[in-house]
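Kindly generate the complete structure, drawing on both the sequences and the hints.
To get our numbering, take the position in the first sequence, counting from 1, and add 60.
Worth double-checking, as some hints may not be accurate.
Subject to a maximum C-alpha distance of 30 Å in a straight line, what follows is the list of computed DSBU-like cross-link-like pairs (lysine-lysine) [what the hints assert, rightly or not]:
id : residue 1 : residue 2
1  : K449      : K421
2  : K421      : K231
3  : K157      : K239
None of these hints come from the bench; they were simulated from the model.
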Amino acid sequence: PALRISDRSDYQANGVMALAKRLGRPPREVAEEVVGALHFEGIESVEIAGPGFLNITLASAFLDHQLRALGPDERLAVANVLERRVVVDYSAPNVAKEMHVGHLRSTVIGDALARMYRFAGHHVLARNHVGDWGTPFGMLIEHLLDIGEDQAVATLSIGDLDAFYKEARTKFDDDDGFKGRSRARVVALQGGDPETLRLWHVLVNESIAYFGEVYSKLDVTLTPDDVVGESYYNERLEGVVRDLETLGLLVESEGALCVFPPGFQNREGEPLPLIVQKSDDGFGYAATDLAAVRDRVDHLHVDEMIYVVGAPQVQHLEMVWAVARMAGWLPDRVRCEQAVFGNVLGPDHKMFKSRSGENVKLVSLIDDAVERAFTILDERGTDLDGDEKYLLAQQIARAAIKYADLSTERQHDYVFDLDRMVAFEGDTGPYLQYAHARVRSIFRRAGNDAAPGAHFALTEPAERDLALGLLAFPEAFESSLASLQPHRLCTYLFDLAQRFTAFYDRCPVLSSEGSLRSERLALCDLTGRTLRLGLGVLGIDAPEQM
RNA sequence: GCGGCUGUAGCUCAGCGGAUUAGAGCAUCGGUCUACGGAACCGAGGGUCGGGGGUUCGAAUCCCUCCAGCCGCACCA
Numbered sequence: 061p062a063l064r065i066s067d068r069s070d071y072q073a074n075g076v077m078a079l080a081k082r083l084g085r086p087p088r089e090v091a092e093e094v095v096g097a098l099h100f101e102g103i104e105s106v107e108i109a110g111p112g113f114l115n116i117t118l119a120s121a122f123l124d125h126q127l128r129a130l131g132p133d134e135r136l137a138v139a140n141v142l143e144r145r146v147v148v149d150y151s152a153p154n155v156a157k158e159m160h161v162g163h164l165r166s167t168v169i170g171d172a173l174a175r176m177y178r179f180a181g182h183h184v185l186a187r188n189h190v191g192d193w194g195t196p197f198g199m200l201i202e203h204l205l206d207i208g209e210d211q212a213v214a215t216l217s218i219g220d221l222d223a224f225y226k227e228a229r230t231k232f233d234d235d236d237g238f239k240g241r242s243r244a245r246v247v248a249l250q251g252g253d254p255e256t257l258r259l260w261h262v263l264v265n266e267s268i269a270y271f272g273e274v275y276s277k278l279d280v281t282l283t284p285d286d287v288v289g290e291s292y293y294n295e296r297l298e299g300v301v302r303d304l305e306t307l308g309l310l311v312e313s314e315g316a317l318c319v320f321p322p323g324f325q326n327r328e329g330e331p332l333p334l335i336v337q338k339s340d341d342g343f344g345y346a347a348t349d350l351a352a353v354r355d356r357v358d359h360l361h362v363d364e365m366i367y368v369v370g371a372p373q374v375q376h377l378e379m380v381w382a383v384a385r386m387a388g389w390l391p392d393r394v395r396c397e398q399a400v401f402g403n404v405l406g407p408d409h410k411m412f413k414s415r416s417g418e419n420v421k422l423v424s425l426i427d428d429a430v431e432r433a434f435t436i437l438d439e440r441g442t443d444l445d446g447d448e449k450y451l452l453a454q455q456i457a458r459a460a461i462k463y464a465d466l467s468t469e470r471q472h473d474y475v476f477d478l479d480r481m482v483a484f485e486g487d488t489g490p491y492l493q494y495a496h497a498r499v500r501s502i503f504r505r506a507g508n509d510a511a512p513g514a515h516f517a518l519t520e521p522a523e524r525d526l527a528l529g530l531l532a533f534p535e536a537f538e539s540s541l542a543s544l545q546p547h548r549l550c551t552y553l554f555d556l557a558q559r560f561t562a563f564y565d566r567c568p569v570l571s572s573e574g575s576l577r578s579e580r581l582a583l584c585d586l587t588g589r590t591l592r593l594g595l596g597v598l599g600i601d602a603p604e605q606m
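Rendered as structure tokens:
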């Protein structure tokens with residue numbers, strides 16, 4: 061940015077040094093000239109400091125004017141952009157398999173990005189690319205038949221997906237007869253046998269219903285309508301292969317049909333293939349991903365595709381896009397990005413696992429956090445009880461988990477520490493919720509006399525600091541979205557909350573008299589709405605009281 | 001071997017399209033306190049920004065190189 065908030069003045073501009081270098085002139089001399097040419101009534105003073113920094117202090121009347129422009133705007137001056145059609149591809153659990161920590165980041169980051177895109181005015185097409193096809197379904201369907209359909213539905217509907225999957229797996233590994241039937245069942249499934257398809261639908265539907273419960277616990281906006289699983293692309297896979305063949309891109313290599321996009325090498329330094337059709341004639345996931353690209357470009361008419369995926373997928377998707385471009389299926393005007401994220405680590409800094417070495421269920425993670433939030437509410441004492449209290453504990457728990465995930469730079473691995481994120485102190489979701497709740501508390505107390513003033517209090521340093529923070533929201537939001545980095549917005553919100561609590565500590569609101577009171581209420585009101593909006597676009601609730 | 005990502009205070013993390021003394025939270029120590037909700041505020045100690053070179057008036061930030069860790073590198077997705 062040309063200007064950044066400074067602790068030495070309101071803003072600092074340090075572009076003069078770069079300019080001086082290009083001009084080959086002393087920076088301070090150039091700075092003098094720039095200051096001499098400044099004619100802007102909003103500036104109260106400009107000081108040249110150090111080698112040529114411009115420390116800019118704004119006139120209070122100008123700050124007030126800027127804040128008043130934000131004041132009535134529901135969007136807080138975030139521009140409503142020209143609508144683009146954006147696919148956000150995220151979450152992607154597997155049918156008949158538990159959702160575990162491995163799905164947390166894709167789900168939480170993807171949902172935040174989807175919400176941010178929507179708020180910016182784009183048309184979001186959320187896509188939940190669930191794993192609902194492939195060889196495991198032979199054994200899963202056979203297992204379903206073994207234990208009976210009713211029993212299978214019962215097991216899946218209580219969310220015991222792992223048990224179901226493991227039982228099938230065990231039989232598949234230990235029982236040759238079962239293994240044989242499973243393989244035959246895969247053939248029947250792929251051949252479109254009606255009864256097999258019906259049973260497959262049972263598995264899929266039960267799983268999607270279960271995923272819906274998890275999303276609900278996390279307050280994630282994905283719906284069953286957003287589920288467009290791998291199976292959706294089945295009938296387009298042959299077309300992918302055929303068209304690549306027609307284009308002359310397909311090469312047979314070791315029995316598989318491949319495309320060799322330039323620039324990718326295997327460990328022997330030879331060209332690396334994207335395997336579209338395996339040597340056993342089955343289709344690999346590359347074929348599915350290529351079909352998805354075509355569908356999204358040709359039928360959904362997307363302008364952008366955002367894949368929220370783990371780091372191991374990076375090369376694969378780059379190859380898919382490279383091939384799609386070679387085939388002419390992916391025009392340059394379509395922006396494709398991977399919102400790559402790092403791993404969730406346990407306290408030992410290794411992949412987060414349970415004590416028994418298994419993947420941790422997402423639901424148990426959330427339930428643990430809710431329980432802790434509940435306990436803390438009890439310890440601190442709360443006016444709320446019953447359903448309200450339970451709802452609040454859920455809101456706090458979700459904020460703790462989501463904020464901890466979102467506030468870390470996406471690509472970094474991060475250490476999952478429930479104690480720290482539900483501790484409610486420091487840089488946490490609950491701290492931000494608390495700052496918001498304190499704002500609301502002021503207005504509750506103020507009662508009938510709670511109308512924010514038309515102007516803003518801007519004499520105390522803490523008031524100005526808060527004001528400068530409030531004015532920075534649009535830029536924080538926009539840079540966060542443009543870079544697909546929700547943590548930038550998190551950093552902003554935490555900084556704003558700190559500015560507010562410092563103000564809150566030093567500048568009494570309700571006990572102030574006359575216009576000062578209403579002008580401080582105006583700051584409180586705008587702060588509350590900024591926090592609520594900022595948290596909201598990240599998928600975090602801002603309760604009225606805690 | 002090739003490619004990608006990562007390495008910043010005791011711990012968890014920001015900052016990285018260069019800029020004045022490298023920031024925050026936690027922890028530690030010390031203050032504030034009749035509190036508009038203390039889940040708070042203020043302050044202190046604590047860092048050769050993995051090592052080494054280079055570009056620059058100026059580098060955590062750009063370039064090169066080395067070290068360490070993680071991930072990927074042909075038919076499960």
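Hint by hint, here is what the structure shows:
1. Only pairs whose Cα atoms come within 30 Å are accepted, and K449 paired with K421 is accepted, the gap being roughly 25 Å.
2. With a C-alpha separation of about 23 Å, the suggested pairing of K421 with K231 holds against the 30 Å cut-off.
3. For a cut-off of 30 Å, the pair hint linking K157 to K239 stands: about 19 Å separates their Cα positions.
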